[in-house]
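> Now for the letters of each chain:
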Amino acid sequence: MGRLIKRLLLFGAAVALIYVASMFIMIKVPVMGTPLIFRTGDYYNLPGGHSWQRFHEFDPAKRWDAVIIGSSHAYRGYDPSVFAAHGHHAFNLGSSAQTPLNSYYVIEHYLDSTNCGLLIFDVFEGSLQNTGLESTADLTQNVTSDGAAWGMAWALRDLRGLNMMALRMISRPTEPDYTNSDYVGLGYAVKKDSVGTEAGPPSKKPVELFERQRHFLEACIQLCRDRGIPLVITSHYARSNMRGEAHEVLAQYMDSILTGTSIPYLDYTDTPGIEDRYWFFDHNHLNATGARIFTTELVDTLESLGYLRKP
Amino acid sequence: MLFNSFQFLCIFFPLVTTLYFVVPHRWRWAVLLGASCWFYMAFVPVYILILAFTIGVDYIAGIWIERNEGRKRKLLLTVSIVANLSVLAFFKYFNFLNESIAVLVRSLGFNYGVPDLGIILPIGLSFHIFQSLSYTIEVYRKHQKAEHRLGIFALYVMFYPQLVAGPIERPGNLLNQINSTEPGKGIRSFFDQERVVAGLQQMLWGFFKKVVIADRCAVVVDQVYNDPSQYGALSIALASYLFAVQIYCDFSGYTDIALGAARIMGFKLMVNFRTPYRSANISEFWSRWHISLSSWFRDYLYIPLGGNRVVKWRWYYNLMIVFLVSGLWHGADWTYVIWGGLHGTYLILAIVFAPLTVRFSGLLGLERRPKLKRALNVFITIQLVSFAWIFFRANSIHDAGMLVHRLFDTPLAIGDLVRLYNDVPRSMLDTTLALVGLFILIDPIYDAWIKQERPIPTGIRGVALFAALFSGILLFGYFGSTSFIYFQF
Chain F
1 MGRLIKRLLL FGAAVALIYV ASMFIMIKVP VMGTPLIFRT GDYYNLPGGH
51 SWQRFHEFDP AKRWDAVIIG SSHAYRGYDP SVFAAHGHHA FNLGSSAQTP
101 LNSYYVIEHY LDSTNCGLLI FDVFEGSLQN TGLESTADLT QNVTSDGAAW
151 GMAWALRDLR GLNMMALRMI SRPTEPDYTN SDYVGLGYAV KKDSVGTEAG
201 PPSKKPVELF ERQRHFLEAC IQLCRDRGIP LVITSHYARS NMRGEAHEVL
251 AQYMDSILTG TSIPYLDYTD TPGIEDRYWF FDHNHLNATG ARIFTTELVD
301 TLESLGYLRK P
Chain S
312 MLFNSFQFLC IFFPLVTTLY FVVPHRWRWA VLLGASCWFY MAFVPVYILI
362 LAFTIGVDYI AGIWIERNEG RKRKLLLTVS IVANLSVLAF FKYFNFLNES
412 IAVLVRSLGF NYGVPDLGII LPIGLSFHIF QSLSYTIEVY RKHQKAEHRL
462 GIFALYVMFY PQLVAGPIER PGNLLNQINS TEPGKGIRSF FDQERVVAGL
512 QQMLWGFFKK VVIADRCAVV VDQVYNDPSQ YGALSIALAS YLFAVQIYCD
562 FSGYTDIALG AARIMGFKLM VNFRTPYRSA NISEFWSRWH ISLSSWFRDY
612 LYIPLGGNRV VKWRWYYNLM IVFLVSGLWH GADWTYVIWG GLHGTYLILA
662 IVFAPLTVRF SGLLGLERRP KLKRALNVFI TIQLVSFAWI FFRANSIHDA
712 GMLVHRLFDT PLAIGDLVRL YNDVPRSMLD TTLALVGLFI LIDPIYDAWI
762 KQERPIPTGI RGVALFAALF SGILLFGYFG STSFIYFQF
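Protein chains in written order, with this note's numbering: chain F, 1 to 311; chain S, 312 to 800.
Just so you know, these hints were derived from the structure itself, not from any lab. Certain hints may be false.
Label pairs and their in silico Cβ distance ranges [what the hints assert, rightly or not]:
#: 1; chain 1: F; residue 1: L9; chain 2: S; residue 2: L408; range: 51 to 61 Å
#: 2; chain 1: S; residue 1: L408; chain 2: F; residue 2: T301; range: 52 to 62 Å
#: 3; chain 1: S; residue 1: P335; chain 2: F; residue 2: V31; range: 36 to 46 Å
#: 4; chain 1: S; residue 1: Q694; chain 2: F; residue 2: D193; range: 44 to 54 Å
#: 5; chain 1: F; residue 1: E211; chain 2: S; residue 2: I463; range: 32 to 42 Å
#: 6; chain 1: S; residue 1: L752; chain 2: F; residue 2: V31; range: 19 to 29 Å
#: 7; chain 1: S; residue 1: Q318; chain 2: F; residue 2: K6; range: 22 to 32 Å
#: 8; chain 1: F; residue 1: E211; chain 2: S; residue 2: K684; range: 36 to 46 Å
By construction, the Cβ of each residue, glycine as well, lies at the ideal position given by its N, Cα and C atoms.
Whenever a hint applies, use it, and build me the whole structure from the sequences.
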């Protein structure tokens with residue numbers, strides 16, 4: 001048995017050596033202008049874009065009256081300038097396809113009661129039907145905290161998480177490879193175009209919220225409770241095609257986990273008067289107009305509920 | 312539970328293997344049976360009842376067949392076969408038959424209102440039904456004693472490494488190892504470090520084939536086969552060759568993991584593949600591809616039909632029947648039947664034209680150059696097999712027709728490949744082609760090491776060769792996909 005363990009240890013050391021050496025070569029050797037590694041898998045992200053800009057701009061030492069978190073619904077739908085117009089400092093830490101698994105590590109490594117007066121957590125059924133791979137690929141290359149990156153890469157329970165971290169740790173970029181021009185600061189990215197067409201009927205695809213994402217959503221709630229961060233959960237306006245059974249399942253789930261707590265779920269999905277054609281730039285993301293109207297309504301509600309103090 | 316899942320690799324396999332070696336030998340069967348139930352129930356738990364039914368029927372049938380003689384014996388075998396095939400027919404073929412009848416009836420202008428069954432096909436059903444059937448047939452033929460302990464028989468049918476995708480074992484091999492009383496053999500194996508290492512190496516090779524080669528090929532293959540109208544001859548040809556690689560790596564990868572896991576515990580399962588794409592003709596291909604199934608059909612269908620010891624037309628008929636049934640065994644769709652039919656046709660044509668091909672190769676001077684002749688034959692066999700795979704992989708008869716039509720009827724345009732290159736994420740296509748090239752070079756070497764036909768280099772070189780495989784999985788594995796193709800059968 002002792003010899004077997006010795007052989008396994010030798011094998012492990014050889015694997016580690018070959019793995020690190022190969023990774024190093026693939027990250028450092030460019031092919032047609034791009035490091036070789038980006039030609040070996042579709043989950044390696046170049047550092048840059050909204051997420052890089054957002055996390056490098058966010059200053060955890062500052063006091064924010066409100067921090068918004070969630071998927072692209074969050075960073076495109078919650079306009080910090082509307083908060084500012086009401087006298088509140090807000091920052092948007094939402095990112096593409098961010099799932100509760102990813103949000104958990106963002107909260108854990110960036111937020112506490114001293115820098116966050118209120119956490120606005122946007123939930124969307126799509127982000128609960130997602131493994132978190134896409135967001136982990138994005139955030140492991142773009143967040144400033146190694147701890148957050150390691151946390152979500154490990155929680156992914158997928159060997160791709162290890163490769164993403166190897167890329168991060170070996171490449172250690174100091175500048176982004178690219179930036180997004182629709183990023184306007186404070187974590188917010190805006191599109192001015194309108195989709196211009198009527199929404200279709202709601203999808204009839206069966207809905208199954210991933211158990212692991214439900215677990216992390218509950219863990220996020222618990223983490224906020226432990227850290228004394230006031231929390232509201234929200235869903236922003238939706239076009240009529242997004243108001244089907246999928247959202248019903250989410251709404252019921254939110255009811256089930258929030259019953260008995262004081263955390264409100266502010267669900268604006270079915271708000272009367274939503275303009276399907278003019279408030280969205282695609283099938284489910286708010287454009288500048290929609291975001292401004294929605295954020296105004298949200299801030300009014302938060303002020304009336306006492307979550308944000310009226311100036 | 313998938314072999315390439317976190318649950319299997321990090322929980323099930325280490326736990327079951329450790330328990331197996333820790334408990335006294337007399338309780339090992341219970342550990343393995345419990346583990347096999349857990350493994351199977353990870354898919355659709357209630358389907359364990361189907362297995363329980365076939366196990367119950369064949370267990371009783373085996374004992375009664377052994378106790379009786381004459382016609383009663385035959386009757387009991389018939390009951391076992393009918394019960395097993397009824398389960399298969401109900402779960403696997405009902406919808407296929409129903410849809411085929413509906414098409415026929417509607418084409419005659421009548422209404423047809425029998426709905427399909429809304430059920431999921433139990434995983435690996437065809438495999439364990441065939442394994443169970445081989446037991447009752449062997450008992451009937453008096454080649455095997457009936458098993459009187461239900462738990463042992465259940466373990467024979469349910470042995471987790473080969474439960475859902477084979478190899479389709481025979482009682483003479485697996486049941487006898489489960490029943491072994493000889494210390495150090497089968498279920499009474501000791502913990503042997505060299506065997507454990509060899510088993511782990513075989514599993515590693517299986518994972519490499521599955522995760523690095525098969526799952527990467529699948530990305531390109533799916534792109535073309537799920538939308539064949541968008542692609543021309545070059546893309547279809549490339550995707551079809553890649554599917555030939557994919558299915559080999561997927562299935563033989565599964566088999567290596569199964570054989571490796573069993574080997575660690577001291578069981579020797581049947582070899583299922585012997586580098587089949589090195590075959591010089593279709594007959595040789597079938598002696599190297601899915602050997603446990605082809606030998607099952609040979610022993611229990613082809614030979615009882617008369618095999619080749621009959622008049623020529625009957626021989627051809629026997630061959631065609633075996634391959635059509637083999638096609639249908641794979642899946643309840645006409646695409647599989649055509650795939651089987653093609654292989655049957657290849658074999659019959661090879662027999663019919665054998666004198667002509669000998670004369671032709673003589674004219675070309677190939678008889679004096681056996682290596683060149685073999686290389687040419689291997690090349691032709693790969694073309695025939697790859698062409699047949701088109702029907703196996705196509706999503707429908709309509710798609711298969713379109714793929715074949717476009718393969719032969721669209722111009723060879725480089726723009727077609729450029730389109731595929733752009734449709735598949737770039738890193739997938741170049742890396743996949745590079746890895747497939749590498750695999751073709753290393754497959755015969757690792758295969759010979761794994762099957763112990765050639766000694767594995769010792770010392771640091773041996774460690775490095777398998778560490779490179781493991782690192783290859785980490786670096787180039789396409790994770791987060793996919794079941795094994797043969798699970799659906």
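> If a hint holds in the structure, say so; if it doesn't, say that too.
Okay, the hints, checked on the actual structure:
no. : hint                         : verdict
1   : F:L9 to S:L408: 51 to 61 Å   : holds, 57 Å
2   : S:L408 to F:T301: 52 to 62 Å : holds, 59 Å
3   : S:P335 to F:V31: 36 to 46 Å  : violated, 58 Å
4   : S:Q694 to F:D193: 44 to 54 Å : holds, 52 Å
5   : F:E211 to S:I463: 32 to 42 Å : holds, 37 Å
6   : S:L752 to F:V31: 19 to 29 Å  : holds, 21 Å
7   : S:Q318 to F:K6: 22 to 32 Å   : holds, 29 Å
8   : F:E211 to S:K684: 36 to 46 Å : violated, 59 Å
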